[in-house]
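Residue numbers (my numbering), protein chains in the order written: chain X, 25 to 344; chain V, 25 to 344; chain B, 25 to 344; chain U, 25 to 344.
Each hint should be verified, as a subset may be incorrect.
Heads up, the list lumps identical chains together, so a pair's fine if it works in one copy or across two of them.
[What the hints assert, rightly or not] Quick list of in silico lysine to aspartate or glutamate cross-link-like pairs, DMTMM-like style, CA-CA up to 20 Å:
1) 74 <-> 251
2) 239 <-> 266
3) 74 <-> 186
4) 239 <-> 72
5) 104 <-> 141
6) 238 <-> 72
7) 57 <-> 303
8) 239 <-> 260
9) 238 <-> 62
10) 57 <-> 159
11) 239 <-> 62
12) 327 <-> 260
13) 236 <-> 258
14) 131 <-> 260
15) 231 <-> 266
16) 257 <-> 322
17) 238 <-> 261
18) 236 <-> 186
19) 104 <-> 159
20) 26 <-> 298
21) 231 <-> 218
Because the hints were derived from the structure by calculation, they are not lab data.
Quick caveat: nothing in here was measured; it's all calculated off a predicted structure.
4 protein chains.
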Amino acid sequence: MKKIGIVTCGGDAPGMNAAIRAIVRVAHARSLKVFGFEEGWKGLMANESKPLTPRSVGGILQLGGTILRTARCPEFARRKSVREAAEVLSLNEIEGLVVIGGNGTFKGALDLSKESDTLIIGIPATIDNDVFGVDETIGFDTAVNTIVTEIDKIRDTAISHERLFIVEVMGRTRGFLALTAGITAGAEVILVPEIKCRMENIFQTLKENSMKGKKSGIIIAAEGVGDTRGLAKEIEEHTQSEVRLSVIGYAQRGGSPTARSRLLASLYGNKAVELLLNEQGNKIVGLQNGRMSTISLEESCAKEKPLDLGLLALANILAT
Amino acid sequence: MKKIGIVTCGGDAPGMNAAIRAIVRVAHARSLKVFGFEEGWKGLMANESKPLTPRSVGGILQLGGTILRTARCPEFARRKSVREAAEVLSLNEIEGLVVIGGNGTFKGALDLSKESDTLIIGIPATIDNDVFGVDETIGFDTAVNTIVTEIDKIRDTAISHERLFIVEVMGRTRGFLALTAGITAGAEVILVPEIKCRMENIFQTLKENSMKGKKSGIIIAAEGVGDTRGLAKEIEEHTQSEVRLSVIGYAQRGGSPTARSRLLASLYGNKAVELLLNEQGNKIVGLQNGRMSTISLEESCAKEKPLDLGLLALANILAT
Amino acid sequence: MKKIGIVTCGGDAPGMNAAIRAIVRVAHARSLKVFGFEEGWKGLMANESKPLTPRSVGGILQLGGTILRTARCPEFARRKSVREAAEVLSLNEIEGLVVIGGNGTFKGALDLSKESDTLIIGIPATIDNDVFGVDETIGFDTAVNTIVTEIDKIRDTAISHERLFIVEVMGRTRGFLALTAGITAGAEVILVPEIKCRMENIFQTLKENSMKGKKSGIIIAAEGVGDTRGLAKEIEEHTQSEVRLSVIGYAQRGGSPTARSRLLASLYGNKAVELLLNEQGNKIVGLQNGRMSTISLEESCAKEKPLDLGLLALANILAT
Amino acid sequence: MKKIGIVTCGGDAPGMNAAIRAIVRVAHARSLKVFGFEEGWKGLMANESKPLTPRSVGGILQLGGTILRTARCPEFARRKSVREAAEVLSLNEIEGLVVIGGNGTFKGALDLSKESDTLIIGIPATIDNDVFGVDETIGFDTAVNTIVTEIDKIRDTAISHERLFIVEVMGRTRGFLALTAGITAGAEVILVPEIKCRMENIFQTLKENSMKGKKSGIIIAAEGVGDTRGLAKEIEEHTQSEVRLSVIGYAQRGGSPTARSRLLASLYGNKAVELLLNEQGNKIVGLQNGRMSTISLEESCAKEKPLDLGLLALANILAT
């Protein structure tokens with residue numbers, strides 16, 4: 025192996041740059057050349073790349089976002105597009121490609137692996153933490169901390185006004201962010217898309233809390249649970265007291281990565297290069313039960329990572 | 025003067041606790057007793073208070089919110105309610121009352137001053153910074169920093185995706201937060217309620233930026249400028265590229281106060297007690313041109329604090 | 025089991041309060057009464073305790089330090105003291121005791137377990153992360169992030185002045201903090217007590233960096249590696265350029281716990297109560313390879329947690 | 025005026041980059057060309073410069089340090105060196121020079137103004153805030169907040185251990201940082217170089233605090249007050265209880281500038297360009313009593329900015 029490529033796809037996640045830095049520097053130490061394709065699959069298809077060297081990735085460890093930029097690329101669902109990308113890889117003699125992104129990205133990577141001889145390694149980087157076979161994705165820890173810091177601030181106002189707040193966080197289909205942020209921020213109620221929310225249960229919890237003297241509270245809801253504005257209204261009508269909604273926006277996806285997101289990025293980047301040097305491909309790297317491991321692209325794409333329902337039960341006990 | 029009261033009203037602001045601490049400890053040093061009325065005007069009307077001592081305000085300097093809690097109190101617009109409050113003050117022999125809040129609160133304080141012999145001093149504490157005659161209110165600096173930190177994070181994603189973001193901040197009628205956060209976060213466009221936003225101007229700026237190679241950008245908008253979701257759509261249609269909206273929520277009102285918000289709280293609290301000891305009332309304390317000063321409740325309530333249009337012009341130049 | 029106790033010993037760590045909250049609320053849900061002994065072993069020996077209820081541990085999740093306070097207690101090395109503590113436990117009919125602390129604390133807990141019928145469970149909480157049999161202690165992640173944030177700031181000055189900085193972090197005998205903070209902050213050199221530092225190696229690295237165009241740099245050193253001031257001088261003399269020393273102090277031990285430290289605290293607190301309810305004792309709870317597990321007090325105290333030398337090697341590659 | 029230069033000298037301060045950005049973009053809007061000299065006076069003497077454009081200063085608003093780098097330059101005290109710099113300015117037809125730095129830098133600027141026809145404007149940027157005639161220097165607010173955040177964390181440990189901490193902050197000759205950080209962090213004792221510290225007063229305060237039930241405490245000391253390690257020992261011996269020392273290091277000088285430091289940088293940069301366009305020089309720009317103003321280099325260098333002793337007295341009352 026002499027030359028490898030890197031591409032960052034889908035939504036950005038804090039720590040993507042740390043992963044790029046790790047790949048480039050480990051590759052350099054192993055005498056590999058590295059090229060970065062820009063703007064995700066789009067740049068790969070268009071053969072837009074630049075060489076990456078240990079110096080060109082200096083000073084990016086602590087930066088959010090991705091220096092390679094990223095973009096959504098719906099046309100990559102078509103075989104024609106995937107073949108274009110495969111040709112670019114072949115043309116540039118890219119023997120290994122590290123694809124940094126989330127679930128959707130890995131589906132594209134799997135398609136690409138079927139059209140190309142280039143070995144493909146996926147590095148899981150998404151704030152959603154929804155990659156099967158991987159304990160924790162790069163960026164998840166940062167996003168959780170951003171949310172928790174925000175809820176800590178909202179709680180000041182909640183307590184001062186003895187008021188209920190609904191905090192909506194990202195997660196269109198999965199509740200990992202809502203659950204982990206919810207338990208660590210001490211949210212009174214956690215709503216995730218995986219579990220149907222029953223209004224009577226929420227009312228019951230709020231009533232019990234009120235009887236215990238808890239006059240303020242935080243309900244954290246993944247965006248996938250539905251209309252949070254409507255939820256706020258419904259609770260207002262039922263409890264006869266004001267409910268405020270705060271939608272935590274794109275700041276969740278940005279910011280300087282936490283130490284943990286940087287550490288995962290370093291470990292995952294290192295492992296990716298190591299696999300390529302061992303002529304292995306079509307795998308996703310990641311911690312499994314705390315140990316560096318791999319899972320096949322195919323298996324990870326085919327399965328859904330389960331939400332830890334025990335953690336949800338614990339969160340409810342801790343919020344009593 | 026032997027006994028004074030404190031009440032926090034309206035929306036909470038970071039540094040209200042620092043102000044309470046300052047009043048209590050300065051008052052104690054001058055042999056005054058201090059009572060804190062709870063939940064704003066509501067608690068004053070209901071005679072719900074507790075004694076505050078140097079020890080009972082220990083450890084609150086760095087806390088957001090207000091330990092006295094606060095509440096909206098629409099009924100305080102009625103003379104009957106104001107008289108009830110006046111009676112409570114008289115009953116408790118409260119000779120001086122420090123009212124901590126914003127514009128709306130001071131209108132109530134002015135009404136109260138007309139029904140009561142108690143000397144009333146206002147301490148401006150609101151993230152809106154819209155109190156006439158006062159350079160800066162307690163909490164404003166904290167809220168600005170919270171917004172700027174958030175925009176710094178959003179910018180990571182904006183650059184990575186080469187995308188435009190609209191960031192909506194608080195400010196139903198005034199643009200102080202949007203303007204100061206906008207210039208310090210380097211927003212490409214700043215929209216404030218004081219100035220009618222013309223779509224063609226926005227389009228022109230975005231077009232010029234695009235030609236300069238600025239492919240991402242931040243538009244900061246005070247909530248008072250109107251429907252930001254509609255604005256996002258309109259820009260999307262015109263520019264043919266995605267625009268995202270992030271509404272910065274109640275975290276703006278919370279959080280540990282910055283050093284500056286704590287400093288203002290300390291200075292304002294001290295000045296308030298000093299005025300009462302000099303038998304002065306019906307004034308709002310505050311920095312004016314950088315110096316501790318006062319303005320009459322009446323004048324401050326009657327006038328509107330002007331927005332610094334020069335600063336807005338400078339912001340536009342700096343965002344080129 | 026009807027009644028359990030909690031005690032926090034040794035140096036404080038961010039997340040101790042989150043652990044106390046978790047224990048109390050889980051215990052309450054299982055109908056256990058909880059008493060908190062104050063100031064570590066000292067308070068246990070002196071029978072100074074207070075009941076802890078779900079409400080009395082409200083609002084502490086996000087606070088650094090420990091509401092039970094802590095203190096060094098050299099006299100607990102003597103059997104007489106340990107017996108006194110055992111008697112207090114017996115007197116109060118404390119059937120289970122959760123001991124929150126680090127290595128030194130667990131040695132005391134082991135001694136106590138030999139003199140008392142009370143079941144003892146250890147919860148590892150120390151920024152040093154040096155407890156054998158436990159992936160990560162409560163507080164470690166917070167301390168690492170505090171250090172990394174600080175180094176990110178120091179790097180601004182290092183780059184602006186093209187200067188070398190030595191950053192000393194805690195760790196009298198172990199290098200976990202220095203290593204993890206070093207790799208995630210991108211330190212050019214990492215010095216840990218476990219590995220003898222050879223000056224010629226440092227000089228060699230600095231020389232190579234200089235030739236690569238890296239004119240500034242960060243050397244992170246655990247306090248246990250020895251005289252960092254002398255090290256700074258030695259490097260100054262050898263490189264003929266200024267070297268600055270920054271000793272990161274007690275802020276490492278404080279601050280609001282990160283989401284991860286809070287999560288571990290919640291998991292460990294829950295597991296501790298569960299073990300006691302199953303009449304198990306003399307164990308330390310903790311993640312092992314990412315899964316909740318236990319290790320006997322005896323084994324953990326007898327063995328030394330190994331430092332991950334592979335991580336150190338990776339750090340050196342990443343800093344090229 | 026067609027061409028101006030910028031140079032950053034002395035210690036770096038957060039917001040220097042924001043000032044560079046403001047100068048460049050305002051100058052561009054007024055059709056001025058801008059050159060940046062690198063590494064302070066050294067680069068000016070050596071004629072090492074680069075053109076600065078609105079695009080080349082993009083993305084630096086939020087960065088600590090200075091992209092022009094800085095260096096100490098003792099040889100600039102000699103007339104020969106100053107003349108070299110003057111010749112470089114003349115050679116490059118630099119009609120106006122903006123010098124960003126602190127007191128020492130302005131002494132050099134004053135010398136330079138006497139040897140050169142180039143108009144010189146000083147922008148005060150130093151965490152020390154010790155420039156006469158200027159309310160607040162760029163970077164001061166950021167450094168104060170960094171210290172306060174750190175002390176907030178140290179207080180967790182102080183309270184948990186009921187222990188006294190001495191926190192040493194920067195300030196070799198002046199106590200602005202110690203005083204403002206001290207009052208806003210609620211330090212029990214504030215020691216500044218301007219006022220001789222008497223041990224009996226410290227002992228008295230600590231004794232009184234202890235009697236009030238304050239068992240922990242923070243003493244903040246500017247480095248200029250002398251041997252803080254010795255101070256810690258002396259207090260330990262007198263109070264018979266442990267005292268810890270935390271020296272807050274170079275992180276004080278780095279980090280992303282606060283909104284206020286960015287705002288001052290924007291205002292000062294704008295004003296500097298405006299003055300040059302009006303053919304004015306040999307002045308320092310800055311807020312005076314809250315309003316943009318100027319002071320002559322000569323006067324500012326000749327006088328010493330007074331420390332606000334009233335603020336120190338208030339701090340002592342607030343810490344009761």
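Homomeric proximity label, residue 231 with residue 266: Cα distance no greater than 20 Å: For residue 231 and residue 266, only the intra-copy Cα distance (15 Å) is at most 20 Å; the inter-copy one is 43 Å.
Homomeric proximity label, residue 257 with residue 322: Cα distance no greater than 20 Å: neither (43 Å within a copy, 38 Å between copies)
Residue 131 and residue 260: within-copy, between-copy, both or neither at 20 Å Cα: neither (42 Å within a copy, 28 Å between copies)
Alpha-carbon proximity between residue 104 and residue 159, which holds within one copy, between copies, both or neither at 20 Å: Result: close neither inside a copy nor across copies, 34 Å intra and 47 Å inter.
Within, between, both or neither, where residue 236 and residue 186 count as close if Cα-Cα is 20 Å or less: Cα proximity of residue 236 and residue 186: one copy only (14 Å, versus 32 Å across).
Intra/inter-copy verdict for residue 74 and residue 251 if alpha-carbon distance must be at most 20 Å: So residue 74 and residue 251 fail the 20 Å test inside a copy (43 Å) and across (41 Å) alike.
Homomeric proximity label, residue 74 with residue 186: Cα distance no greater than 20 Å: between (55 Å within a copy, 18 Å between copies)
Copy assignment of residue 104 with residue 141, given that the CA separation must stay at most 20 Å: within (16 Å within a copy, 67 Å between copies)
Intra/inter-copy verdict for residue 239 and residue 266 if alpha-carbon distance must be at most 20 Å: within (11 Å within a copy, 41 Å between copies)
Intra/inter-copy verdict for residue 57 and residue 303 if alpha-carbon distance must be at most 20 Å: Within. Shortest intra-copy distance 16 Å satisfies the 20 Å Cα cut-off; inter-copy 54 Å does not.
Within, between, both or neither, where residue 238 and residue 62 count as close if Cα-Cα is 20 Å or less: between (51 Å within a copy, 17 Å between copies)
Intra/inter-copy verdict for residue 239 and residue 62 if alpha-carbon distance must be at most 20 Å: Intra 51 Å, inter 14 Å, cutoff 20 Å: inter-copy only.
The structure fails to meet hints 1, 10, 12, 13, 14, 16, 19, 21 from the earlier list, while all remaining hints are met.
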